[in-house]
Amino acid sequence: MNVGLEHYLVVSAVLFALGLLGVLVRRNLLVIYMSLELMLNAANLALVAFSRFNNNLDGQVFVFFIITVAAAEVAVGLALIVALYRKHQTAHVEDLTLMKD
Amino acid sequence: MTEFFFYFFAAAALICGLLVIANPFSQNPVTSAMFLVLTIASLAGLFVLLHAFFLAAVQVLVYAGAVMVLFLFVIMLLDLKAEERRKLKRLGLAGGVLVVGSILGIFFASLARSPLPAGEPSTLEGSTIELGKRLFTQYLLPFEVVSVLLLVAMVGVVLLSKKDLK
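These protein sequence lines are chains A and B, in that order.
Using the numbering used here, read the first sequence as starting at 1051 and increasing by one per residue.
Using the numbering used here, read the second sequence as starting at 2 and increasing by one per residue.
No lab work stands behind these hints, which were simulated from the structure alone.
These numbers come from a predicted model, not from an experiment.
A couple of the hints might just be wrong.
[Stated by the list, open to error] Computed list of lysine-lysine pairs in BS3-like fashion (alpha-carbon distance at most 30 Å, straight line): (1) A:K1137 / B:K90; (2) B:K134 / A:K1137; (3) B:K134 / A:K1150; (4) A:K1150 / A:K1137; (5) B:K163 / A:K1137; (6) A:K1150 / B:K90; (7) A:K1150 / B:K164.
Make a model of the complete structure from these sequences and hints.
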């Protein structure tokens, strides 16, 4: 059986679902961040697969930009986590309820 | 042969992705980071199968190299003690599974009824030459904007990591 577009899309969808589950269920800020990366990578896989099977290189250019933006986003987000940790000595979302009170 | 590699890389990506978010043996973020590296490497393999050679290289260099090193640095910096196993809230877990299940359902339903281009893949090659031509002609403006974005992110990170954050 030949590997077609739908195979790649199924892998991408399941990977995205895993990332979303991690964001919703895990309570460690760093692991939540890694799950976000997982979701971005799932979107990248779908874009590359569409690009290949639709004979259009624009999807790959888009993935290139997504990777760049993700790198910038990770740098800023991790700096925020470090600043937060310095102030509150925790990286758990359950301990960070300042706006709740 | 291609089929074998596809199933191998897809299974590796999915299993390692699962181990990133739910590892039964260790709650340590370092383990999650390592499995994320493996996931990204398998995705790079899938990119090669899709003839996106440049993106596969960038994926390994930028994600598995730079981004994950940044993650590991921060984990080291935070000095997270052997994190005590906190009980997951039942309600949160059930809600998460419900949301993710419904999203997966929507995905597969739309996948089943959408007209996908028929099986034969194109002759498209995601080589550096082709991608570079696009980047420096048609996509020149976004390319430059992204460079500004990286500069802004750099300035922001320097500002955020100052000792006395005002």
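Pair hint K134 (chain B) and K1150 (chain A), alpha-carbon separation not exceeding 30 Å: violated, 51 Å
Are the Cα positions of K1150 (chain A) and K90 (chain B) separated by 30 Å at most? holds, 18 Å
Restraint status (C-alpha distance of K1150 (chain A) to K1137 (chain A) at most 30 Å): holds, 17 Å
Between the alpha carbons of K1150 (chain A) and K164 (chain B), is the straight-line distance 30 Å or under? holds, 26 Å
Could you grab the alpha-carbon distance between K1137 (chain A) and K90 (chain B) and see if it respects the 30 Å cut-off? holds, 26 Å
CA of K163 (chain B) to CA of K1137 (chain A), is that 30 Å or under? Between K163 (chain B) and K1137 (chain A) the Cα gap is close to 12 Å, so the pair holds against 30 Å.
Between the alpha carbons of K134 (chain B) and K1137 (chain A), is the straight-line distance 30 Å or under? Measuring from Cα to Cα gives roughly 47 Å; hence the hint is violated.
Violated hints, listed in ascending order, are 2 and 3; each of the other numbered hints is respected by the structure.
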